[in-house]
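Novice: Residues per chain are reported as follows:
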Amino acid sequence: MAVKVLIPTPLRQFTDKRTSIECSAATVGEALGSLTSSFAELRKHLYTEDGRIRSFVNVYLNDEDIRFLDKENTRTKDGDTISIVPSIAGGSPAAAR
Amino acid sequence: MLRLADHLENQIREHGAKDYPNECCGAMLGTDGDAGREVRSLFPLINRRDDSPRNRFSITPEDFRAAERAAAEHGLDLLGWYHSHPDHPARPSEFDREHAWPWYSYVIVSVQAGAPKDLTSWRLDDDRTQFQPEEVAPVRAASRGTQG
Numbered sequence: 001m002a003v004k005v006l007i008p009t010p011l012r013q014f015t016d017k018r019t020s021i022e023c024s025a026a027t028v029g030e031a032l033g034s035l036t037s038s039f040a041e042l043r044k045h046l047y048t049e050d051g052r053i054r055s056f057v058n059v060y061l062n063d064e065d066i067r068f069l070d071k072e073n074t075r076t077k078d079g080d081t082i083s084i085v086p087s088i089a090g091g092s093p094a095a096a097r
Numbered sequence: 098m099l100r101l102a103d104h105l106e107n108q109i110r111e112h113g114a115k116d117y118p119n120e121c122c123g124a125m126l127g128t129d130g131d132a133g134r135e136v137r138s139l140f141p142l143i144n145r146r147d148d149s150p151r152n153r154f155s156i157t158p159e160d161f162r163a164a165e166r167a168a169a170e171h172g173l174d175l176l177g178w179y180h181s182h183p184d185h186p187a188r189p190s191e192f193d194r195e196h197a198w199p200w201y202s203y204v205i206v207s208v209q210a211g212a213p214k215d216l217t218s219w220r221l222d223d224d225r226t227q228f229q230p231e232e233v234a235p236v237r238a239a240s241r242g243t244q245g
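Residue numbers (my numbering), protein chains in the order written: chain A, 1 to 97; chain B, 98 to 245.
The hints are simulated quantities; they were obtained by calculation from the structure and are not laboratory data.
Because the structure is a prediction, the values reported are computed rather than measured.
Backbone N, C-alpha and C define an ideal beta-carbon position, used for all residues, glycine too.
Please note that the accuracy of each hint is not assured.
One-sided excerpt, in silico: chain A residues whose CB lies under 8 Å from chain B [claimed, not checked]:
#1 I7
#2 S34
#3 G79
#4 T81
#5 I88
#6 A89
#7 P93
#8 A94
Make a model of the complete structure from these sequences and hints.
Specialist: Shown next as structure tokens:
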């Protein structure tokens, strides 16, 4: 299946500044695997050392978070778009209350 | 260096004052290239951290994607994020560092007793160990071309 993976700006330095990558994959996991094979530096930003997607990284298939689908085994179809969405948070030095 | 026009800087300050005593947050859209990094517009967001909005902010993936779409529609990049520190200095906290990404610019405005004060910008090192201050410079008319 031909799918498109959208690359967020912080990670474009590892994809030759490309904003999206087209690849052929039957599942979301395959697409991300293809992406990190082509751009090895991406791997440590997307995966933990034991191969799981980092908790600060959200992955969407079209408009759905894959955590609520079949995670990395979520199947793709031609024309799907996969988005890598960094979690954004922060706050002042005061403890949460 | 982060170039930020006065009216955009004031917009961030006003957002911080309006949301005080809670933290405000938003995205910064602009250009990043050989000529440097320049904010062209802001995309104010709602702080989704309902349980502790006075000292934390959170941007949902849906809001993130909306900001990215807005940037793409205008031919801009999502350069980074701004947020306020109510009654705290405009310096990144350890919590900020733990949740930050390299490359993005993180602008912080200190809001003291409801009045916006210092405004700073920071970039996280690639190894994620610490923030480095990023100079915030006003936009000169010559650098904006016809949009000056």
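Novice: Does the structure break any of the earlier hints, and which numbers would those be?
Specialist: Failing hints, ascending: 1, 2, 3 and 4.
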